[in-house]
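All chains, please: the whole structure from these sequences, using the hints.
Letter by letter, the chains look like this.
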Amino acid sequence: MIDREQVHKVAHLARLDLTPAEETQFTEQLNGILGYFEQLSELNTDDVQPTTRAIDVSNVTRPDRLEPCGDRELILESAPDRDVNAQGDFFKVPKIMNAD
Amino acid sequence: MASIRELHQQLTTKERSAVEIAQAALDRIQLLEPKIRSFLHITADRALAQAQQVDAQIAAGQEISLLAGIPIGVKDNMCTKGIPTTCGSRILQNFVPPYESTVTEKLAATGAVMVGKTNLDEFAMGSSTENSAYQVTANPWDLERVPGGSSGGSAAAVAAAECTVALGSDTGGSIRQPAALCGVVGMKPTYGLVSRYGLVAYASSLDQIGPFGRSVEDAAILLEAIAGYDPKDSTSLKVDIPNYASLLKPDLKKSQGKFRVGVIKETFGEGLDGVVADAVLKAVEQFKALGAEVQEISCPQFRYGLPTYYIIAPSEASANLARYDGVKFGYRSESPDNLMTMYTQTRAQGFGAEVKRRIMIGTYTLSAGYYDAYYLKAQKVRTLIKQDFEQAFAQVDVLVCPTSPTTAFKAGEKTDDPLSMYLSDLMTIPVNLAGLPGLSLPCGFDAQGLPIGLQIIGNVLREDLVLQAAYAYEQATDWHKQAPKL
Chain D
101 MIDREQVHKV AHLARLDLTP AEETQFTEQL NGILGYFEQL SELNTDDVQP TTRAIDVSNV
161 TRPDRLEPCG DRELILESAP DRDVNAQGDF FKVPKIMNAD
Chain E
136 MASIRELHQQ LTTKERSAVE IAQAALDRIQ LLEPKIRSFL HITADRALAQ AQQVDAQIAA
196 GQEISLLAGI PIGVKDNMCT KGIPTTCGSR ILQNFVPPYE STVTEKLAAT GAVMVGKTNL
256 DEFAMGSSTE NSAYQVTANP WDLERVPGGS SGGSAAAVAA AECTVALGSD TGGSIRQPAA
316 LCGVVGMKPT YGLVSRYGLV AYASSLDQIG PFGRSVEDAA ILLEAIAGYD PKDSTSLKVD
376 IPNYASLLKP DLKKSQGKFR VGVIKETFGE GLDGVVADAV LKAVEQFKAL GAEVQEISCP
436 QFRYGLPTYY IIAPSEASAN LARYDGVKFG YRSESPDNLM TMYTQTRAQG FGAEVKRRIM
496 IGTYTLSAGY YDAYYLKAQK VRTLIKQDFE QAFAQVDVLV CPTSPTTAFK AGEKTDDPLS
556 MYLSDLMTIP VNLAGLPGLS LPCGFDAQGL PIGLQIIGNV LREDLVLQAA YAYEQATDWH
616 KQAPKL
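Going line by line, the protein sequences match chains D and E.
Under the numbering used here, the first residue of the first sequence carries the number 101, and numbering increases by one thereafter.
Under the numbering used here, the first residue of the second sequence carries the number 136, and numbering increases by one thereafter.
Errors might be hidden in some of the hints.
Stated by the list, open to error - Restricting the straight-line Cα-Cα distance to at most 25 Å, the calculated cross-link-like pairs of lysine-lysine (DSS-like) are: (1) E:545 / E:620; (2) E:423 / E:389; (3) E:417 / E:384; (4) E:463 / D:195; (5) E:400 / E:521; (6) E:216 / E:367; (7) E:388 / E:417; (8) D:192 / E:216; (9) D:192 / E:463.
Hints listed in this document are in silico derivations from the structure and should not be mistaken for laboratory results.
All values derive from a computational prediction rather than experimental measurement.
Have a look at this one:
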């Protein structure tokens, strides 16, 4: 079962900033849901192969040819923030490294 | 409540123009939206422009396709270039796709007229459309009840005749369950039959696009238009697409032997409403009357579908939704201090409760130390569920069972209890796990006048048999002729 500390840890892995109220609620709800999953242990699956996809398709390949990929301007326009400078046109994000 | 064929007839005999048909749909949307709230965006300009093109083709004496000039709704998780695609989420509030999904591109090429983008549970996660960040859609049969979900907007729009047909997506029942609750036909095709290029990904090993219509024939016509191989979707199947509508016959004759219908024994148990069970059993009698050979079929692993799904789907979702990080598109939190807080705040503010819940479940079940116990275990049970179906289809042509264990429930009734909401999809989920085609069509009403859905399931790529059974049943009954009073 999952405790509040684990919920906090999982939220960090999932890059979710949960409020204390959400942490409390999710701890309770996730326990209910994980408890529901327990019934799968009734089934012996030692010799069963996992199914990773519903309908198997063997490796799909295509010739490696250069093709235009989307509309660059439209894609950049969708970004929350962008930066145009002498080196080109970029997606812009807040600073990654702290000065200290 | 005209069908595709009736509208096509009106167009080709010049009784009505495509612009008149489009305008009538837009007027009805205008009239009903305050009550139903099926649409997140109404695309009047695009609709009228598409209709004008169809009229020009007709005026020039060109042949038009069956779908030309037909008003259609599209679930708002399919990308439409230049038209917002929100997926029912705040995190995509301002997202205007720079490209078009394959399905909408195919529809536009046939001349179909898109009237708007329909409401859904955020990222298609839900069974009532109440998880939309924008609005709650009403069930046209009782405005206090939910339309089902996650494609609730598409189901309600078709039931209310705001459009003739609509597209939905189905990961665990998101087309069939709302179709059942809204009294329309909804179909999830075989995994890989319809391209998912441009469909916002939820659980990639399960997601599939499919049609809604007020009749089996309308759904079959729409399915044919969207099905087919697409090099842009690597899970797309290279198969020939039959002319589904031409295969529909009012009887269940087969070239050899009798049409065999199996009734899934395990679906008639705890949690199933008596009125739903009665209606489905009456439908089974109808199949016998149509000449089908009916037998009971056991799928012992059927009930493990739900816990299996709620491990696999959130696991895949937690990976798929990692892309919403506030960098390249969609919402970004206001002035974050650094990159990490930009991620955590953007996602905290952009996602709703159910989406966060599933990301949390999926991140947990995939995390080190739990992977074997949850995700791998679920994938193995998935194999067992598939084997149940394989054995069943060695004996019968189609399987039938209820689509949803209950009729439409009241808005707010299940929102505080995620597990009770998940149970709505008990009977549709195993079909996705096995990648099979499944269809829901009306088979009766409860005492409150709410529609009941019958689910028909076929073997891999046997959409033809599913549609044949559905059409024969529909032609022998008149449930589909009933319409909600609005």
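Under the criterion that the straight-line Cα-Cα distance not exceed 25 Å, is the pair residue 388 (chain E), residue 417 (chain E) satisfied?
-> holds, 20 Å
For the pair we were handed, residue 216 (chain E) and residue 367 (chain E), check the Cα-Cα distance against 25 Å.
-> Holds: residue 216 (chain E) and residue 367 (chain E) sit about 16 Å apart, inside 25 Å.
When you check the alpha-carbon spacing of residue 423 (chain E) and residue 389 (chain E), does it fall within 25 Å?
-> With a Cα-Cα distance of about 14 Å, the restraint between residue 423 (chain E) and residue 389 (chain E) holds, given a limit of 25 Å.
Sort out whether residue 521 (chain E) lies within 25 Å of residue 400 (chain E), counting only the CA atoms.
-> Roughly 16 Å between the alpha carbons, so the hint for residue 400 (chain E) and residue 521 (chain E) holds.
Measure nothing beyond the straight line between the CA atoms of residue 463 (chain E) and residue 195 (chain D); if it is 25 Å or shorter, mark the hint as holding.
-> With Cα atoms ~16 Å apart, residue 463 (chain E) and residue 195 (chain D) stay inside 25 Å; holds.
Distance restraint between residue 192 (chain D) and residue 463 (chain E), which requires alpha-carbon spacing of 25 Å or less | holds, 9 Å
When you check the alpha-carbon spacing of residue 545 (chain E) and residue 620 (chain E), does it fall within 25 Å?
-> holds, 18 Å
Straight-line alpha-carbon gap residue 417 (chain E) to residue 384 (chain E), limit 25 Å = holds, 21 Å
Straight-line Cα separation of residue 192 (chain D) and residue 216 (chain E) no greater than 25 Å?
-> Status holds; Cα separation ~23 Å.
The structure shown violates none of the earlier numbered hints.
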